[in-house]
Amino acid sequence: MQSERVVGQPVFRKEGLAKVLGAARYIDDLSMPGMIYGATVRSAIPRGRVLGIEFSPGIPWDEFTIVTAKDIPGKNYIAMINNDWPCLVDGVVNHPQEPILLLAHPDRHLLPQAVAAVHVRYEEMSSVHSIEESERGRTIIWGEDNVLKSYLLEKGDVDAAFAQPDIIIVVGEYTTGAQEHLYIENNGAIAMYDEHAGVTLWGSLQCPFYAHKSLMAVTGLPEDKVRVIQVETGGAFGGKEDYPSMIGAHAALLAMKSGRPVKIVYDRAEDMAATTKRHPSRTRHRTAVTKDGKLLAADIELCLDGGAYSTLSSTVLSRATIHSGGAYFWPNIRVRSKAYATNTPPHGAFRGFGAPQALFATERHMDRVAKAVGLTPEEFRRRNLLLTGETTSTGQVIRQQIDLQGWMERALDCANYREKKARFDRENPDGVRKKGIGFAVFLHGSGFTGSGERYLNSLVGVDATAEGRIRVLVSSTEFGQGTNTILCQIAAETLGVDYDVVEMAPPDTGIVPNSGPTVASRTAMVVGRLVQSAALGLKQTLIASGLLGERYLTEEFQAAAKAHIGKHGGLCSMSRYQAPPDVYWDDQTYRGEAYAAYAWAVYVAEVTVEVTTYSVAVDDFVALQEVGRVLNPVLATGQVEGGVAQGIGYALYEKVSWDRGLMKNNQMTNYIIPTSQDLPKIRVYFEEVPFEHGAYGAKGIGELPMDGPAPAILNAIAHATGEDFNAIPLLPEDIAERLAAGAPAAQEMATV
Amino acid sequence: MRSCSAECELLTPGSLEAVLCLLHDEPGLWTPIAGGTEIMVLYGAGKLTERKFVSIAVPELREITEDGGWISVGGGCSFTQIRRHVGIQKHFPMLAQCASWLGGIANQNRGTIGGNLANASPAADSPPALFAYGAELELISARGKRRIPYEEFHLGYKKTALALDELIGTVLLPKRFDDSLRYVRKVGTRNAQAISKICMAATATVKHGHVEEIRIGMGSVAPTPLRLAATERALMGTELTDAAILNVVIWEARRALASETAPIDDIRSTAAYRTLVAGNLLEEMLRTFAGAAR
Amino acid sequence: MSMREFSLRVNGVERIVSAPPMARLLDVLRQELGLTGTKEGCGEGECGSCSVLINGELVNSCLVPIAQAAGTSITTIEGVGAHTKLHPVQQAFLQCGGAQCGICTPGMILAAVHLLEKCPNPTREQIEEGLNGNLCRCTGYMRIFAAVEKAATTIEAGVPG
Ligand SMILES: Cc1cc2nc3c(=O)[nH]c(=O)nc-3n(C[C@H](O)[C@H](O)[C@H](O)COP(=O)(O)OP(=O)(O)OC[C@H]3O[C@@H](n4cnc5c(N)ncnc54)[C@H](O)[C@@H]3O)c2cc1C
Ligand code: FES
Ligand code: FES
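Taken in sequence, the protein lines are chains A, B and C. In terms of my numbering, the first sequence opens at residue 1 and continues consecutively. In terms of my numbering, the second sequence opens at residue 1 and continues consecutively. In terms of my numbering, the third sequence opens at residue 1 and continues consecutively.
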């Protein structure tokens, strides 16, 4: 590969200037003439029938626009995979905080009182609040058996492997909790309705065409009468994948009924209580391993808590299922997975999308298997990590040149792992501060699972404006990860022009083609590749037309583009997704190429467990990953650091406290994420093995860093304390309970 | 924002005298607001029933003065003022330390010591240090001033000795702890911006291996911030320098502690954890003191 | 109760605003003065995205009633630097990748400016502490620390931003 001018360079973030100046406009910063404000009346019970709705006196109700399910002109659902998620409750409530009724008024300060003055009477029904309860099936709340989705993945002959003599069998159960995205900008949307133009929605969102599809269903309007525009979005992490379709539909309904533009912006308490979280999980591993530490077979049962409606659970479950085998070669593996319904707000997409749950279990379990066979975690992994040419759990052949063993060694060296491990083992017995070091090796599939990318059939464009500026046309959105920047870098590189003359077309469904949702770590690899080929098409058009030579300056390119536009009226090149050759996937048997590519990583965590307070500090963190070509080192490093910080929160701080499906700690002061004083130095290293089908060799990077921190940290805690902790979040209270059980002080306390 | 500001009044009389007059003329009608870091949180969440407020951010309450044996901290002093004050850093380092643990930098810039005490949260961070340093309070009103030991300020959960027309005028700290042993620790939900699960501060004088004086304050183990009177009594006169005896002393101290504390389960932690960690901190304190006394 | 007039100096300009005295400074800045660079992340003093400087001191504008801000001098992100003349902290955020989604950025920059005013050569620990009331969910803070370190060097070298 020739050396690149723009790709691989730390160019500044496209919208960075506006952001550091405070000039970037987010949804709550926007206002429309005549705009009024909307609010949502939500259910107060987990499950039951609505008997009546009463409006208390003392509120000027005639000034309010009021919308219920009866006002929905189209279909009463948010269009997703199964369309079972109501836009507004129509008779039956299935979780706390479910939207029942909408209010709008010109004075936003009147809304909280008005919401409180709407009284809904219910007949309560029994409800279900855990995977176990849902599984038991005494109360059926969804379908025939509470199962939202199930998969069976099988490779080899698992039962035969377990029946072999002279093997060691290791079992374990691992659980993970819900996690709140806690993007610093809450959800919000503005909708406007006009009989001729239809509905226009501005929103803080990830996937304009998802919202577009839902709005069409709810409003009953045709495709060209619905327009969705993403505005600057203050963090998303998956949390603005599906819910914006809900809040957008609500704003649209109020706008249609009132004839005025309507803004709905949640406050923090509402956002936390009502919107999606990461699926809680329970995973059981049963592993057959030979006495010399070769993995023979895995029998894995993975369950997710999906919440009250199916929403995205099937796809989250799918990714969890496929990632359950981790980065190991399994001659035999069986994964049985299920997503269960509970009477909780639906759990949704969150960075990692099922993989963090699955990999927490796998990587924690691997340390325990290593111990059972008497090997160090590193030696045990060395014997079992996937090699080029071997097959994954779905039977996918690893064609890429990978070197997991070498990468593991490099990461361990960076962390000074062996020296520290020996030192901690020596020093721990004396101190009240127990030190530990642990790590995780893992992978993350880039792009949609299986045939997903083929169904998406993404389309992107690159065009030139009359002023000679180059625009990238995609529905892929920026919410901090760097979409704008890397796609412009790719276009500039391919076109041979300066980065500064390339810009993003507005993320407006009326302007840009559908390049698919901005999820699944697909933007750099899949969409970037399409931008690359569209840009190439544009350049070839100019060269073929004779307006441009083979070698040119940016200004010459711009002049040629202008000349072309002058002559032909426009200059635009489109590119549509084509699946890489020799890729097959079977949705029924879950066999084949699950992902076009995988990113790989080794994360090492060093911790101190302080036994006076049972608190854990992460002292050092090494994050080494192979993500193909790194398109922008500053952005890529930032992605990893941010993901690791969220992963540390997931492992040690972030606990959603539930009360019958309702989040009790729905305040920033009670949902604890790491501050600037809670993180170690996060040391980021890259290996680069360019992926031939990704843009300039790029693979996905966004989600990977979420997968590794939790197991690495819990492995380090196991090293520090000698205790196996298999559930996250792991709070000091949990550690206290376990460690104090044997401590003499506690026994003494118990006697007083 | 879940409150309607149009329904609320806030007066800013500008001088202490004017504030006190207002409070005196219509006792209980006006709620004082200093830094607002408690009031405004509840207000934003729509959880305040009060509608009439008076700003007590007046210069007279914002002074820290040193004279003779005392440092006087105005009730309206911010935690930033407190932690940056050279005299406090020198004579009452644990108070400076606690101030640095309160919320984040912006909260320390606004939050006041008077607000911290009057709000009377059992989890507040400054009370343990005030117990340990034998602080006194000067309560002021249009009727005059009265001085009480800080121990007598908290009467029950969110109940204080303040009359309806009174303010915390001054927190008085006796400069007699320079040579004392000290121990201070906050156990929060994280390292910054964290409400305490337990906080503790103590001073002690140990002579010839024996405890001659000890004062311990602890937060989040009872309905009010607590001075551990029973634990102090159990420790008075005990020997710390003999390892075997120390273990017995620790055991006795833990017992006394358990007898006077009653932690609860709440959204931030559990009773079991608090009980255990309170005892562990006490033990850590005694071992630290013993080490220093040897 | 009635609206009242309050005068305050915002980014160097005398302004008179009409608002109920308990209106939050945050809302006055955003809604009355159109200074939307100051953000609301929590409304309870926890996230710092509403940070502004009052008489040079960092505060959360969601917790300040406007009546208490009357007569003070306020700096919001709009007063820190301009398109043509970035503050060194803004320049460093741009260069080091200190802003991702950007929603915490205005508050974070004000906290950084405040820190460097009080402590021109901060250690890593002092930087961590100086930003401890400003939550960022995107960056994991590392690029932000780097930006503050870089800005400190720039300011010390006297290079105009
Ligand atoms: C994000 C955040 C984090 C926080 N973290 C901590 C923490 O770590 N530790 C901690 O202890 N606290 C913490 N707090 C709570 C708060 O900041 C402190 O309690 C602060 O000291 C309150 O002071 P204030 O002046 O802001 O109180 P205000 O809100 O002004 O008043 C609080 C109460 O005290 C009364 N009052 C105020 N001053 C006086 C006076 N002089 N005389 C009589 N009554 C008075 C008021 O009427 C009101 O009832 C935090 C708050 C926030 C928002
Ligand atoms: S909005 Fe003010 S601190 Fe979060
Ligand atoms: S950059 Fe997104 S919250 Fe900080």
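Don't read these hints as lab results, they were simulated from the structure. A few of these clues could be false.
As the list claims (entries may be wrong) - Stretch-level coverage of chain A by chain C, calculated; a stretch enters the list once three of its residues show a Cβ under 8 Å from a Cβ in chain C:
no.: 1; segment: 68-76
no.: 2; segment: 214-227
no.: 3; segment: 232-241
no.: 4; segment: 661-672
Said to hold, decoys possible - If you want the footprint, here are the derived chain A segments under chain C, 3+ residues with CB under 8 Å:
no.: 5; segment: 11-25
no.: 6; segment: 418-427
no.: 7; segment: 643-652
no.: 8; segment: 675-687
None of these values were measured; they are calculated from a predicted model. Glycine is no exception: its CB is placed at the ideal position from the N, C-alpha and C atoms.
**Request:** Quick one: which hint numbers does this structure break? Sort them smallest to largest.
**Result:** 1, 2 and 6
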